Amino acid sequence: MSKIMNMAVDVRHLRLDLQGWPILRNISFAVRAGEYFTIVGPNGAGKTSLLRCINRILSDWHGTININSVSIAAFSQRELARLVAYVPQAGGRHNPFTVRETILMARYPHLTPFVSVSYRDLRFVEDALALTGTGSLADRAMHTLSGGERQKVLLAAALAQNAKVLLLDEPTTFLDPRHRDVFRRVLRTINREKGLTVIEVTHDLNCAALDSHRILALRNGEVAFCGVPNQFMDEDVLTGIYDRAFLFTEHPVTGQLMILPEGGES
Amino acid sequence: MKVMILAITILLTLAVLVASPFLGMTSISAGTVLSAPDDNPDSQIFWQLRVPRVMLGFLAGAAMSLAGMVFQAMFRNPLATPYTLGVSSGAALGATLSIRLGFSFAFLGVTGTTLAAFAGALLAIITVYGLTRKRPGASTATMLLAGVAVNFTFSSLILLVHYTSDMASSFNILRWLMGRLDTVGPDEPLQLLPLLIFGGLAALTLHRELNLMSVGDELAVSRGVDVSRYRKVLFISTSVMVGGVVAICGPIGFVGMMAPHICRLLVGPDHRWLGPMSLLFGGTFLVACDTLSRMVTAPAELPVGVITALLGGPFFLWLLTGRRGSSVDAGM
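Protein chains in written order, with our numbering: chain X, 1 to 266; chain A, 1001 to 1332.
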């Protein structure tokens, strides 16, 4: 019983069609509270759609999705937003608001229509700015930022939303190596120290192996693999997902198996 | 800064509202209005014609401006207004038909033409909304295109009705299509007031939802906004408000597209400020244009639609070419 109770997100037999096309088929998995859970898979495998089902951006799916053992169909959108926050694939190119305003807007699910923003809400905004290192950007308009800066602000906004589950869609795509590692450190901190459940979609298999407790791989809308990084970093498993051979080496510090890019013709 | 701009706008609004009734074909002095007995013609013109007209102008301008603001935010498109989505052509078709068929009845003090225009506006609203409801997850582009299609269809029907009319109806139709604010007493502004309150309350109280929707529907949903529900509420409340304006004043939609953009340049994209600002600025702008329309060609009167478009068009182009132009795009 207790094992069921601490499942933060529990997806059962999820099926999704978009305009007649099958996108997701019979997806079942469960994410424990406080787990760092990564979703990988080839382009078009349905990773983003899966995230969008969990926060009900997409709502006409079949199956069950439970959060803390309660079906998400039972929540209002506002209640759901207090439980699940979302960092979308780089967006905000047309967002005219400043960074601080954008983050404050993420307090929406905690506000009621006729109550104005409180000191507590502003506290969350400042904490999120500090944690993500975006304080120096606070008064800039979103559309003047670079793609990488916008992704950090979107993370800050999701943190200010103060939900226990964080969904991230390729959050490090536009970050340079230094900022990517800063971003990963922030994610590890909130996961390890603040106990947030992290569900991240990424193409960076090495980072996924280093940071995650477990990895889910999708292929053609179905679950191709679900397990710990050591099982994932395996010739047969990866070839089965991506239809190609991989070269492996050991990480010099952690000993984790890592993938090497192909070398030139020689 | 924003407080200052809003304060200045409030003062400007009060100044225009107080000064406008005194100005026109003949200027009326304050002494006449306050001291003269009721049978004084100037006093009658002031209280029976000009004051209601200023009220009507303010309500109409405020309503169109707020509606434009809401639609620009919901569709994240600078050209989206209920006006461009076919509401006004629906209303115009209703009014045109009523004038052509010579409806002369009135219901509770509302003329047949107004009722027909209102019915036309509602028909357009239901058509556009129904078209986009058929396809769940219809994009904003789909909705805009549906509006444009409805607009074209109704416009050609108006031409057809117009073409088959006799001279007298034809003149009346054309005059109505140019937009008008001349009124004969307080009935018309009083008909409009509840509609403005209805639509305005939605536009002003849902400022947080509008902010999030103006950034993106998906982000808004993930932040907890029930987008499909609020879109419905806003779409219907503002469209009904605009339907009322167009039914009474004819198509004077340019205010609705332009005023929110100008306000966005002045106070930024936050709808908490943009809402009151659009309401005041839109209303004041239309009253000012109408005052001008009474004065420039006195003793004749220009249709107010001519003035708003003539003033607003070039001003808007100037805004777009300046360095601030980029923020109009970004606002979308």
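If you are wondering where the hints come from, they were derived from the structure by calculation, not from laboratory data.
Please read these numbers as outputs of a predicted model, since none were measured by experiment.
Certain hints may be false.
Claimed, not checked - Residues from chain X that keep clear of chain A, each with C-beta distances beyond 10 Å, as calculated: (1) Trp21; (2) Asn26; (3) Arg52; (4) Glu79; (5) Leu80; (6) Pro88; (7) Phe97; (8) Ala106; (9) Arg219; (10) Gly240.
Stated by the list, open to error - Which residues of chain X face chain A? A few of them, derived with a C-beta cut under 7 Å, are: (11) Asn55; (12) Gln77; (13) Ala81; (14) Asn95; (15) Met105; (16) Tyr108; (17) Pro109; (18) Val115.
Stated by the list, open to error - Simulated coverage check for chain A against chain X, where a stretch passes if three residues somewhere in it have a Cβ under 8 Å from a Cβ of chain X: (19) 1072–1086; (20) 1284–1292.
Even glycine gets a Cβ: it sits at the ideal position worked out from N, Cα and C.
Evaluation of the provided hints:
no. : hint      : in the structure
1   : Trp21     : holds (13 Å)
2   : Asn26     : holds (23 Å)
3   : Arg52     : violated (8 Å)
4   : Glu79     : violated (8 Å)
5   : Leu80     : violated (7 Å)
6   : Pro88     : violated (6 Å)
7   : Phe97     : violated (6 Å)
8   : Ala106    : violated (6 Å)
9   : Arg219    : holds (25 Å)
10  : Gly240    : holds (32 Å)
11  : Asn55     : holds (5 Å)
12  : Gln77     : holds (4 Å)
13  : Ala81     : holds (3 Å)
14  : Asn95     : holds (5 Å)
15  : Met105    : holds (6 Å)
16  : Tyr108    : holds (5 Å)
17  : Pro109    : holds (3 Å)
18  : Val115    : violated (11 Å)
19  : 1072–1086 : violated (count 1)
20  : 1284–1292 : violated (count 0)
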